[in-house]
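Colleague: What follows is the residue order along each chain.
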Amino acid sequence: MTEDQLLKKACRGDETAFLLLYERYRAGLYRFLYRMLGSAELAEDLTHDCFLSLMRQPERFDPKRASLRTYLYAAGRNLAFKHFRQTGHETVLDELEEELPMIDRREPLQQLLEEELASKVRQAVAQLPPLQREALILFEYEGLSLAELAAVVETDVGTVKARLHRARARLRRSLAPYLKSHLLLTSVEVY
Amino acid sequence: MEDRNYKINSAPVDGRDDEPRFDLEGLDADRELQSLLSKWQTPVSLRALDQRVRLSYRAQTTPHPWWRRILTSTISLPVPVAAALVLVPALAAAALLGRRQLPAPNAPPIIVERIKAVEVPVVRERVVSRIVYREKKPATASSSKSKSAPESMSLALASGENSQGYFTDTNLAGFQPNAEMNFKVIKKADKNEK
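Protein chains in written order, with my numbering: chain W, 628 to 818; chain F, 569 to 762.
One or more hints might be untrue.
Estimated spans, in silico, between C-beta atoms of each pair [as the list claims (entries may be wrong)]:
id	chain 1	residue 1	chain 2	residue 2	range
1	F	Ala651	W	Lys635	22 to 28 Å
2	W	Lys691	F	Thr642	29 to 35 Å
3	W	Arg712	F	Val647	27 to 33 Å
4	W	Asp783	F	Ala627	39 to 45 Å
5	F	Arg636	W	Leu679	18 to 24 Å
6	F	Ala627	W	Leu758	31 to 37 Å
7	W	Leu758	F	Leu659	32 to 38 Å
8	F	Arg637	W	Asp783	43 to 49 Å
9	F	Ala651	W	Asp689	34 to 40 Å
10	F	Ala650	W	Lys635	43 to 49 Å
11	F	Pro657	W	Ala774	36 to 42 Å
12	W	Leu679	F	Leu659	36 to 42 Å
13	W	Pro735	F	Arg636	20 to 26 Å
14	W	Arg687	F	Ala652	26 to 32 Å
To spell it out: a stretch of chain W is covered by chain F in this simulated footprint if at least three of its residues, at any positions, have a beta carbon under 8 Å from a beta carbon of chain F; those stretches are [what the hints assert, rightly or not]:
id	stretch
15	643-650
16	659-667
17	687-695
If you're looking for bench data, these hints aren't it; they were derived computationally from the structure.
This structure is a prediction, so every number in the text was calculated from the model and none was measured.
Ideal Cβ placement from N, Cα and C applies to all residues, glycine included.
Given only the sequences and the hints, what does the whole structure look like? Please build it.
Modeller: Structure, rendered in structure tokens:
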């Protein structure tokens with residue numbers, strides 16, 4: 628059954644069809660929003676709103692233009708940018724700090740270092756400009772192709788490439804102290 | 569997924585960054601960065617979200633009775649229209665209340681004229697007019713002549729003066745006799761004629 632048919636059934640009240648669609652895309656959408664916003668609570672809210680708005684106005688999704696995944700990412704992106712405009716800042720850095728997992732001191736050194744690395748990566752990604760951040764998240768973490776990414780952010784592939792390149796360059800600078808050590812760590816693991 | 573290789577063969581589009589295109593150093597750096605980025609994982613438990621979305625979906629798709637739909641339905645209005653809908657009745661009510669509380673404007677009082685006829689007895693006094701003739705005092709001849717008539721007419725006036733001292737004030741100034749006169753002879757007088 629195609630996505631369009633599932634969507635029509637879901638809009639008519641078929642909960643099974645809705646759950647099929649929901650479970651297919653909710654994790655990716657949530658991860659994208661969480662990394663964009665830096666808040667689990669906000670990411671849940673916006674993921675919820677994305678799916679419910681799709682049920683409320685299914686005519687907005689045109690299967691000829693893009694896939695449902697692209698549509699949902701685009702809807703989530705729009706909601707995230709709307710949130711940025713309303714709050715006046717582009718990420719919730721304070722919440723990011725609060726959401727750091729508690730480090731169990733009984734864990735081995737390797738886990739401590741990995742948690743620190745994850746924290747530094749989180750901060751480095753959060754400090755990217757929103758357009759570069761969304762490009763990096765959708766490409767590196769969600770595995771969208773350049774064409775899909777361009778469709779989500781409503782621009783051309785060349786612009787997306789430029790944003791990705793700048794985002795990587797900026798991350799390489801901000802994470803420079805951890806790149807060599809990271810390599811060392813992985814080499815230690817290998818050997 | 570051809571363009572997935574972009575992360576390895578990355579190249580600046582606008583040429584602003586001077587990153588080499590296909591060098592091994594860049595390739596290693598991309599792989600290293602990718603590996604580092606993968607350290608950031610997101611929370612995996614979405615049970616609360618699943619429950620919430622499911623409940624919202626049921627609430628949204630469950631058909632409600634018509635009266636509930638009327639009571640709970642919402643309509644979106646532009647802000648100016650909504651403001652007008654609130655302000656116009658409020659202003660109208662305020663104007664009505666104000667009109668009731670304020671005293672009546674100073675309109676000219678309506679005076680009803682009642683005409684009451686009152687009969688008052690009026691004593692009409694009888695007016696009696698009487699002509700009193702006053703005797704004229706005799707005046708000196710010189711003064712009377714000079715005032716009353718010219719000298720040529722003094723004889724005629726003098727003859728008209730009666731014994732009681734009255735005279736007819738006749739002034740013949742400017743009198744001219746007719747140039748032609750026709751006489752008519754009447755044979756017998758009418759007996760009724762005076």
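Colleague: Hint by hint, say whether it matches the structure.
Modeller: A quick look at each hint next to the structure:
no.: 1; hint: Ala651(F) / Lys635(W): 22 to 28 Å; result: 40 Å, violated
no.: 2; hint: Lys691(W) / Thr642(F): 29 to 35 Å; result: 32 Å, holds
no.: 3; hint: Arg712(W) / Val647(F): 27 to 33 Å; result: 18 Å, violated
no.: 4; hint: Asp783(W) / Ala627(F): 39 to 45 Å; result: 41 Å, holds
no.: 5; hint: Arg636(F) / Leu679(W): 18 to 24 Å; result: 19 Å, holds
no.: 6; hint: Ala627(F) / Leu758(W): 31 to 37 Å; result: 36 Å, holds
no.: 7; hint: Leu758(W) / Leu659(F): 32 to 38 Å; result: 48 Å, violated
no.: 8; hint: Arg637(F) / Asp783(W): 43 to 49 Å; result: 45 Å, holds
no.: 9; hint: Ala651(F) / Asp689(W): 34 to 40 Å; result: 36 Å, holds
no.: 10; hint: Ala650(F) / Lys635(W): 43 to 49 Å; result: 35 Å, violated
no.: 11; hint: Pro657(F) / Ala774(W): 36 to 42 Å; result: 55 Å, violated
no.: 12; hint: Leu679(W) / Leu659(F): 36 to 42 Å; result: 39 Å, holds
no.: 13; hint: Pro735(W) / Arg636(F): 20 to 26 Å; result: 59 Å, violated
no.: 14; hint: Arg687(W) / Ala652(F): 26 to 32 Å; result: 30 Å, holds
no.: 15; hint: 643-650; result: holds (count 3)
no.: 16; hint: 659-667; result: holds (count 3)
no.: 17; hint: 687-695; result: violated (count 0)
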